Amino acid sequence: MNGLNFNSEQCARIRRHLDAYLSNELLVETTSDVLRHLESCEACSRELEARTRVRDALRRVAVSQIPPEELRQSIERQLRKMQPGFFGGPQRLTWAVALLLIVVVLGGFATEQWIRVQRGRRIVASVLALGVSDHLQCAIKGHNYPNIANPPEKLRQQLGPQYAGLLEVVQQKLPGFEVLEAHICSVQGSPRKYVHFITRGHGTILSVILTRREGEQLPNGKWFVSGSSGSVGLYEAHLDGMNTAGFESKGYFGFVVSDLSPAITVQIATELAPPLKAALDAGTGSEARLDLDAVPFARGGSAGVSPAVARASCPGVPVL
Amino acid sequence: MFFHPKPRVEDFEAAAMPHFPDLYRTARLLAQDSAEAEDLVQEVYLEAWKSFHRFQAGTNCRAWLFKILFHRLHHFRRRWAKAAKVGSLENPETQDSLIAETPVPQEIRDEDVLQALGKVPIEFREVVLLADVQEFSYKEIAETMKLPLGTVMSRLSRGRKLLRQELAGVAQTFGIRPAKDPPRAGESA
Numbered sequence: 002m003n004g005l006n007f008n009s010e011q012c013a014r015i016r017r018h019l020d021a022y023l024s025n026e027l028l029v030e031t032t033s034d035v036l037r038h039l040e041s042c043e044a045c046s047r048e049l050e051a052r053t054r055v056r057d058a059l060r061r062v063a064v065s066q067i068p069p070e071e072l073r074q075s076i077e078r079q080l081r082k083m084q085p086g087f088f089g090g091p092q093r094l095t096w097a098v099a100l101l102l103i104v105v106v107l108g109g110f111a112t113e114q115w116i117r118v119q120r121g122r123r124i125v126a127s128v129l130a131l132g133v134s135d136h137l138q139c140a141i142k143g144h145n146y147p148n149i150a151n152p153p154e155k156l157r158q159q160l161g162p163q164y165a166g167l168l169e170v171v172q173q174k175l176p177g178f179e180v181l182e183a184h185i186c187s188v189q190g191s192p193r194k195y196v197h198f199i200t201r202g203h204g205t206i207l208s209v210i211l212t213r214r215e216g217e218q219l220p221n222g223k224w225f226v227s228g229s230s231g232s233v234g235l236y237e238a239h240l241d242g243m244n245t246a247g248f249e250s251k252g253y254f255g256f257v258v259s260d261l262s263p264a265i266t267v268q269i270a271t272e273l274a275p276p277l278k279a280a281l282d283a284g285t286g287s288e289a290r291l292d293l294d295a296v297p298f299a300r301g302g303s304a305g306v307s308p309a310v311a312r313a314s315c316p317g318v319p320v321l
Numbered sequence: 003m004f005f006h007p008k009p010r011v012e013d014f015e016a017a018a019m020p021h022f023p024d025l026y027r028t029a030r031l032l033a034q035d036s037a038e039a040e041d042l043v044q045e046v047y048l049e050a051w052k053s054f055h056r057f058q059a060g061t062n063c064r065a066w067l068f069k070i071l072f073h074r075l076h077h078f079r080r081r082w083a084k085a086a087k088v089g090s091l092e093n094p095e096t097q098d099s100l101i102a103e104t105p106v107p108q109e110i111r112d113e114d115v116l117q118a119l120g121k122v123p124i125e126f127r128e129v130v131l132l133a134d135v136q137e138f139s140y141k142e143i144a145e146t147m148k149l150p151l152g153t154v155m156s157r158l159s160r161g162r163k164l165l166r167q168e169l170a171g172v173a174q175t176f177g178i179r180p181a182k183d184p185p186r187a188g189e190s191a
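If you're matching them up, the sequences are chains A and B in order.
Heads up: the first sequence is residues 2 to 321, going by the numbering used here.
Heads up: the second sequence is residues 3 to 191, going by the numbering used here.
What the hints contain is simulated information worked out from the structure, not anything from laboratory work.
A quick note: this is a predicted structure, and the numbers were derived from the prediction, not measured.
For every residue, glycine included, the Cβ atom is placed at its ideal position computed from N, Cα and C.
Accuracy of the hints is not assured; some may be wrong.
Across the chosen pairs, the derived CB separations fall in these ranges [as the list claims (entries may be wrong)]: (1) Thr31/A / Asn62/B: 19 to 29 Å; (2) His77/B / Thr112/A: 28 to 38 Å; (3) Pro150/B / Arg14/A: 18 to 28 Å; (4) Ile67/A / His77/B: 19 to 29 Å; (5) Thr31/A / Gln58/B: 30 to 40 Å; (6) Arg111/B / Thr95/A: 53 to 63 Å; (7) Thr112/A / Gln58/B: 38 to 48 Å; (8) Phe110/A / Ser139/B: 55 to 65 Å; (9) Phe110/A / His77/B: 46 to 56 Å.
Derived pair list, reagent style SDA-like, types lysine to any residue, alpha-carbon separation capped at 20 Å [what the hints assert, rightly or not]: (10) Lys82/A / Lys141/B; (11) Lys52/B / Glu109/B; (12) Lys141/B / Leu28/A.
With the Cβ distance kept under 10 Å, some of the chain A side facing chain B (calculated, not the full set) [said to hold, decoys possible]: (13) Leu19; (14) Arg52; (15) Arg54; (16) Arg56; (17) Asp57; (18) Arg60; (19) Gln66; (20) Pro68; (21) Glu71; (22) Leu80; (23) Arg81; (24) Val125; (25) Asp241.
All chains should be modelled from the sequences, with the hints used to inform the complete structure.
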């Protein structure tokens, strides 16, 4: 080795690379250049050795700095104190937001369900109130039935050919009850009409009432339906001192109304609802669909039964 | 992702505590005394734990911790006495003078290194420590210190040079001769 080239341009160039060489950051080609030069330049080799010696001394001094064990233990203690609970730590805000969202969503859902149930119950009550109102108006207040049951022929005549078939269904499914009267009534101040069977049994008066739905519908769901008979859902209510059980067919609401206990009223409706629904849906055996407007005397006695008969059968309410 | 998995302190300790000695040694050589170094390291760990849920497992935990260390260090510096001015080192003439060799003692005592290191401005000292002690690459240092790569290279070069000069000065103070007299300009070795 010789130092003849010290301060030469080549030495200066190599020394500019010495720091990167020491850090192993040079490209392979440049590293080769440096190594070749160092083999022939004592001064640069000495400079590299000096720099390496300083670096090694620095590392030795760094290693001699012993980390205090107490510091490590102190850090670990503090870390364990900061261990978050399930809803703690850095995700605390995330959990809070998530919880709030869940509460809002569930609360909104519960509120919506509550509103839906309340609205459904109001609809059920308003529909069942029709049957109770008809029963009270025609049978109880109007006392629109004879003490001795009208003969079936008369009842069938009053019902007209389209509803006459229902009489047999009512008679069969109401054992212990006598059908005193059957006719078609209308509601004062309303175009609504209804088929009314007034029966007597168990020491009281019981009405079976059928009226067109006019697009209205009873709500479905366990919150509203109190029972079922076959595929027919039953609804019940206690209104104006009367117990009523209702059902619906394709075009009609049906009601059983009496002051008997709710259980008996529902039991009677359970027996009556399926065959009445089937008969109404089928048109009581006739091909024509049941239509209260098509009942002859309901149109003013244009055929079959005279208006006078109709009025006499239901004096408490006007009959069309 | 909306939900982060809940970090466990055991996982954090397993990932971070093995680097405790390196962090302490670096902090100790940058802080003015051991108390400040301990405060610094403690803050690094507590801050790292708070943001551990953002740390991606499998990435370089050591580099992440050092990044936090230097972030905290900048806060500490405000409390520390101002480091030696480095303005003169930006002077081209000064840079030229640094090209000249510095006589480094053959035997370097630990206390001399500590004394010399304390005289190197902290901006240079931290780069030297990261490169020469912790063996970070230039790229890692640039990312850790948030510095351009060229600045890292120049600070490392000047920091090493300053350390050699300070070591030489310390050695002369105690009458220690350099390993070999440096050749003077124009003189063959």
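Okay, the hints, checked on the actual structure:
| no. | hint | verdict |
| --- | --- | --- |
| 1 | Thr31/A / Asn62/B: 19 to 29 Å | holds, 27 Å |
| 2 | His77/B / Thr112/A: 28 to 38 Å | violated, 50 Å |
| 3 | Pro150/B / Arg14/A: 18 to 28 Å | holds, 23 Å |
| 4 | Ile67/A / His77/B: 19 to 29 Å | holds, 26 Å |
| 5 | Thr31/A / Gln58/B: 30 to 40 Å | holds, 35 Å |
| 6 | Arg111/B / Thr95/A: 53 to 63 Å | holds, 55 Å |
| 7 | Thr112/A / Gln58/B: 38 to 48 Å | holds, 42 Å |
| 8 | Phe110/A / Ser139/B: 55 to 65 Å | holds, 57 Å |
| 9 | Phe110/A / His77/B: 46 to 56 Å | holds, 49 Å |
| 10 | Lys82/A / Lys141/B | violated, 36 Å |
| 11 | Lys52/B / Glu109/B | violated, 45 Å |
| 12 | Lys141/B / Leu28/A | holds, 15 Å |
| 13 | Leu19 | holds, 9 Å |
| 14 | Arg52 | holds, 7 Å |
| 15 | Arg54 | holds, 6 Å |
| 16 | Arg56 | holds, 5 Å |
| 17 | Asp57 | holds, 8 Å |
| 18 | Arg60 | holds, 5 Å |
| 19 | Gln66 | holds, 4 Å |
| 20 | Pro68 | holds, 4 Å |
| 21 | Glu71 | holds, 9 Å |
| 22 | Leu80 | holds, 5 Å |
| 23 | Arg81 | holds, 6 Å |
| 24 | Val125 | violated, 43 Å |
| 25 | Asp241 | violated, 56 Å |
When held up to the earlier numbered hints, the structure conflicts with 2, 10, 11, 24, 25 and fits the remainder.
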